[in-house]
Amino acid sequence: MRVRWRRRWHGPSLRARVALLAAGTVIAAIVATSWVSFTMFTGRLHNEIDQTLIGQAQTLADNVNGRPGDRHDGDLLAALDMSAATVRDGRAVSPPGTRTPPPVDQAAVRRVSAPGGPPFVLADGESGGVHMRVITVRAQDGTVIVLGRSLTMVDETVTGFQYITIMVGAGAAVLAAGAGIAVAGAGLQPVRRLTRAVTAIARTQDLNTEPIRVSGDDEISRLAGSFNAMLAALNRSRERQRRLVADAGHELRTPLTSLRTNIDLLIQSRAHPERTLPHGNMDALLGDVKAQLRELTNLVGDLVELARDDEQGAVRTEVRLDRVVPQAVERVRLRAPAATFETRLEPWLVRGSEPALVRAVTNLLDNAVKFSPPDGTVRIDLRDGELLVADEGPGIPESTLPYVFERFYRAPEARALPGSGLGLAIVRHTAEQHGGTVSACNRPEGGALMRLRLPGTPRASASPPGRA
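FYI, the numbering for the sequence shown is 1 to 468, going by the UniProt record's numbering.
It is possible that some hints are incorrect.
[Claimed, not checked] Label pairs and their calculated CB-CB ranges:
(1) Q51 x T25: 37 to 43 Å
(2) V198 x T39: 15 to 21 Å
(3) E432 x D218: 32 to 38 Å
(4) V168 x G55: 32 to 38 Å
(5) T297 x R236: 28 to 34 Å
(6) V245 x E398: 30 to 36 Å
(7) P273 x S237: 16 to 22 Å
It should be emphasised that the hints constitute simulated quantities derived from the structure, not laboratory data.
Source: prediction; values computed, not measured.
All residues carry an ideal CB built from backbone N, CA and C; glycine is no exception.
All chains, please: the whole structure from these sequences, using the hints.
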């Protein structure tokens, strides 16, 4: 039953539910207010009538001498919308001129007549079809007086009050429903714009849509702002992917063209024995093909590393950055056995992907070795979460510094050297994935200095300085 009720409630639109809630709340408030007002209003009316009856009954009781009163008494009581009767020996007598005598309750007569009984008894009654409020009181001579007042006008007033309350409540409920619809319509306008934007994006696959206008600081405005931010992030991600694919296609074209040319020469040499290449040229050509395949393999590996979504694919663990550096040094030494490294490492604990960090530090060291002289030294310092890699090369031209971490960027003086132009871009990508930064500058004494800063915590002991 509860599930069915929930389905019915969630069936209407949000706008209709808001209107129903507003109308229901107003109706509940009106019902509660009307009940309290009605109770207080009728209670006050009856209290005033009771006080009037008590006063009139006491006056009559003080002036009764065993007679029911003359015609003047009956006319006076009639003018006051009252009627009276005296009861003696079980007989009720009303003054002359009384149009509607009050109903006599013998039980009330016995109560006030009994020794120690109450001075008066108040009750509702009916006489001749007239609703009355009746008081029964005992006079000093033992006569019982019954005084009644018609409640016809009171009943009409109460009925009119009920009618007005119902009409006002119904009107207020209608107004509340209308106001709820209007307020919901205005408040849900950003939601409708959001719905249209999402529908348009799903239909066209175009992320370059106009941002949703945001005004105010309520939940709907924050939702629209979050959607705009998400859309902008998706657009930037798609744009980066598009540029990566375009740049990769451009960079792959050159080695593939060269590789195809060399392979065509080998095929032609094999197909035409009379044009066979000399052994020296053949060895050089095969060596060139091997180098191009190696370059192509490295380029594809760099592209895969740069395009990998680290947030979803990598496993995050606690990594000692001071232990990552020696691993990177060993990797670089395999390719550059003559290189010299001076290290000074303070413990630093980072939460991240160890393979990605090893790759990033390796790229920094590869870059330093590439631009250092054969007998140069690469100095590596790690302190307070900042990794400094200094080389003894020619440094970086000032015009080149802003672009060294861009994908596929290679300075004019470095284009003759091996490399894909992706190594430092991978360093920046890894730093950003780990909440860090990377920068480059020139040292006053010469050479370039790379700074990789990663958030983390220090460890208790430090590694001693060393030379490798």
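Hints, verified against the model:
no.: 1; hint: Q51 x T25: 37 to 43 Å; in the structure: 39 Å, holds
no.: 2; hint: V198 x T39: 15 to 21 Å; in the structure: 53 Å, violated
no.: 3; hint: E432 x D218: 32 to 38 Å; in the structure: 33 Å, holds
no.: 4; hint: V168 x G55: 32 to 38 Å; in the structure: 35 Å, holds
no.: 5; hint: T297 x R236: 28 to 34 Å; in the structure: 30 Å, holds
no.: 6; hint: V245 x E398: 30 to 36 Å; in the structure: 31 Å, holds
no.: 7; hint: P273 x S237: 16 to 22 Å; in the structure: 55 Å, violated
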